[in-house]
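These are the residues of each chain, in order.
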Amino acid sequence: MQALQRTRICVASAMVVILLSACSGTSNQALRDFQLQTPRPFGYVIGDTIRHRILIQIRSGMALERSSLPGQGRLNRWLQLNEVSVTEQDGSDGKKYQIDFLYQQFYAPLEVKELSIPGFMLRFQQHGQTLEQPVAPWPFTVAPLRELVVRQDQHGEYMRPDQAPTLLDDKEIVQRLLMALTVATGIAVRLAWLYGYLPGLPQRSVFKRAQRKLQNLGLQQLPQALGALHAAFNGLHGKPVFLHKLAEFYQSHPEYRSVAEELAWFFDYSNCYFFGDASTMPQENDLQKIKTLCLHCREIERGSR
Amino acid sequence: MIRKLKHWLLWATLAIALLVTLTQLLQLYGLAGQNRLIGQLLAGKDVSGDDLATSAPEVRMARAVYLSQHQRYDEALATLNLLLQQSGSVAQAQTRYNLGNLYLRQAMEKAQAGNINEAMPLLGLVKQAYREALTLDSDFWDAKYNLEVAMRLLPEMDRITSGDGQDDLNQKTQLWTTLPGFPRGLP
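Protein chains in written order, with the working numbering: chain F, 1355 to 1659; chain Y, -18 to 168.
These aren't lab readings, by the way, just hints derived from the structure by calculation.
Backbone N, C-alpha and C fix where the C-beta goes; we use that ideal spot for every residue, glycine too.
Be careful, since some hints might not be right.
[What the hints assert, rightly or not] Cβ-Cβ distance ranges computed for the label pairs, FRET-style:
{"#": "1", "chain 1": "F", "residue 1": "Phe1396", "chain 2": "Y", "residue 2": "Gly30", "range": "49 to 55 Å"}
{"#": "2", "chain 1": "Y", "residue 1": "Trp122", "chain 2": "F", "residue 2": "Arg1530", "range": "52 to 58 Å"}
{"#": "3", "chain 1": "Y", "residue 1": "Leu6", "chain 2": "F", "residue 2": "Arg1394", "range": "52 to 58 Å"}
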């Protein structure tokens, strides 16, 4: 009878526990998710790094106690913790932590050997209450790089030689040099064209040739001087230029408007000289004005005016 | 006015481009000279101190390699110590590795001569240098290999504990934290 009563009490207690746990739901659990993500546990050699990641989801209001994480530096004789980074994210369904560890191992085994990254206890705080979550040790195997029987060379035990420095890289300098040279060449060609130094492109040297002809002419050769300048204008325009057609000339070559007064004087003077009554004697000053006009036209031609 | 400005701008640009060309040519010439020095040192020919005065860290590194190969360890050490100040993790790792090699050669020579007591502290420095090189570059395979050489020469062993934490704390000296061993191969 007593046994039956005891059984009833046990069943009732179990039902109460089941009901309570069902009512509580998962949302009130302090630690909702815990994952330790690790790489392959084999095939490591001395000096290799090993990354571990812990993903945690906890109830809002709880906080990770950072001091429960292992600190950077040497953890033991052969293990070093190079980096620890914690990323925290608050969400409606709780708080998420991502903790990344970068270990580096310096064990030199004689044969394949199992080692273990030590475990530790993560702690969380809420209103003075502490929750602990163990992080299990992580076993992995390391292998040697050298054969067991020591290899010898002429200097004794074989070791890898010094690292010779690589030759200094000149790629960037060569690139900058080529760029500067390209720009310089482009501009030089452009200027050579403007100054009439490029063969096969005479349109930029009509006043240069006229200037060269005018250079050695005296007052006695005024007709030749006038003719040379007329030829230059005609050559530039592609057809004869007259005083009454100067407007048309300016339409095709607006840059010559800056010497419009001098041009008008020149065509007027030329008309008077060739078709006038010859009552006015040519002056030395006139020839100088023609030469100056030619010089100005030359400056316009090469773009410096 | 704008035409005139454009024209003189062309001349100014040409002057700048020519200036840049000239400076780059000079830099290229200087670089070729530095590379010639590196080649000379790596071929086993020393260079004068004047050439090194204004040289690049790479030339100094080549000189350190040359000095180390010619058993001029003190000069090599001084050169490498100067290079430890330079920036760049690759260069830093390389310097530490060469420093480790320098100590390792000396340690091996001393061990072969029977001076184990002098070899042991050097091997401690060797391991430290290689560890630092590997912390900077964990894919530095030559450093891994040579660290293993050093570890075989001077293995590290865990401290012997009695199982009683208080006793261990009271123990002033460590027992066999390192065990010298210079293997000569199996019979």
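Structure-based check of all given hints:
no., hint, in the structure
1, Phe1396/F to Gly30/Y: 49 to 55 Å, "holds, 52 Å"
2, Trp122/Y to Arg1530/F: 52 to 58 Å, "violated, 35 Å"
3, Leu6/Y to Arg1394/F: 52 to 58 Å, "holds, 53 Å"
In terms of the numbered hints stated before, the structure departs from hint 2 and from no other.
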